[in-house]
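*Asks:* Letter by letter, the sequence shown follows residues 91 to 310 of the numbering used here.
Calculated directly from the structure, the hints in this document are not laboratory data. Predicted, not measured: the structure shown is a model, and the values here were computed from it. Backbone N, C-alpha and C define an ideal beta-carbon position, used for all residues, glycine too. Do not rely on the hints blindly, as some may be mistaken.
What the hints assert, rightly or not - Here are the simulated distance ranges between beta carbons: (1) Arg279 - Thr216: 18 to 28 angstroms; (2) Leu191 - Lys280: 36 to 46 angstroms; (3) Gly305 - Leu151: 15 to 25 angstroms; (4) Glu242 - Ala173: 23 to 33 angstroms; (5) Ile224 - Ala185: 15 to 25 angstroms; (6) Val215 - Phe174: 14 to 24 angstroms; (7) Gly248 - Lys280: 45 to 55 angstroms; (8) Ile224 - Leu196: 17 to 27 angstroms; (9) Pro217 - Pro197: 27 to 37 angstroms; (10) Ala212 - Leu272: 19 to 29 angstroms; (11) Arg171 - Leu261: 13 to 23 angstroms; (12) Val245 - Ala276: 37 to 47 angstroms; (13) Ile273 - Pro217: 15 to 25 angstroms.
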Amino acid sequence: MSKDRRYAFLNLLLSRAVIAFFVLISTLLCAQRAIAHHATGGKTPSNFFEGFLSGLAHPLLGLDHFAFVVAIGLLAVGQVRGAFIPAGFVSAALAGTGIHLLKLDLPASEIAIAGSVIVFGALLVTPNKPNWLILTALGAIAGLFHGYAYGEAIVGAGMTPLVAYLLGFTLIQYGVALVALLIGSAVSRKSATQPLSWQRFAGLVICSIGVVFLGNSILS
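Please model the complete structure; the sequences and the hints are all you need to start from.
*Replies:* Okay, structure coming up:
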């Protein structure tokens, strides 16, 4: 098989895989709406352990949040100060939670979250990435909306579970982003000569997740 035909075949497989993944995510999203984002069964955390566990779980059980954290970690691959990019996001997420707890409004937050997933997925697809300063700024803007959504799970909690919740979701998000950064860096070194970029596939998958959530947010 020639190089061009092999490349076309890989592109065909990629497109079909993304379509299949899109359908799968749509199905999972329907089921996910019945599950609370935090791990305390829908009730407000009442102690440090519950708050910390809820903080760890929320970004993992929320597929839109998880996809964004992975995307921002992958976008940090190859950047001069890559670790600063997810740091800007998680710092802004803390501020976003504070906005919610102060009963201030961030309009259309669910749409903004889904849009951020689409944008960062699209950035993974593009060959020329913005520099780390721009990515950090974009991540911080997105972080305000993601953090605002996180605040819903902790409204009415006392100071101890609140602090534990903030600590939990900050640690898990930054940890996941750093793992994505390390894995992405390792894969980049091994696949530098491959005609099909792994980042393109990851970006299309993440975009698919964002599109599903965007459609759900608009229709609900």
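*Asks:* If a hint holds in the structure, say so; if it does not, say that too.
*Replies:* Structure-based check of all given hints:
| no. | hint | result |
| --- | --- | --- |
| 1 | Arg279 - Thr216: 18 to 28 angstroms | 21 angstroms, holds |
| 2 | Leu191 - Lys280: 36 to 46 angstroms | 44 angstroms, holds |
| 3 | Gly305 - Leu151: 15 to 25 angstroms | 20 angstroms, holds |
| 4 | Glu242 - Ala173: 23 to 33 angstroms | 29 angstroms, holds |
| 5 | Ile224 - Ala185: 15 to 25 angstroms | 19 angstroms, holds |
| 6 | Val215 - Phe174: 14 to 24 angstroms | 23 angstroms, holds |
| 7 | Gly248 - Lys280: 45 to 55 angstroms | 48 angstroms, holds |
| 8 | Ile224 - Leu196: 17 to 27 angstroms | 22 angstroms, holds |
| 9 | Pro217 - Pro197: 27 to 37 angstroms | 34 angstroms, holds |
| 10 | Ala212 - Leu272: 19 to 29 angstroms | 23 angstroms, holds |
| 11 | Arg171 - Leu261: 13 to 23 angstroms | 20 angstroms, holds |
| 12 | Val245 - Ala276: 37 to 47 angstroms | 40 angstroms, holds |
| 13 | Ile273 - Pro217: 15 to 25 angstroms | 20 angstroms, holds |
Against the hints set out earlier in the document, no violation occurs for any number.
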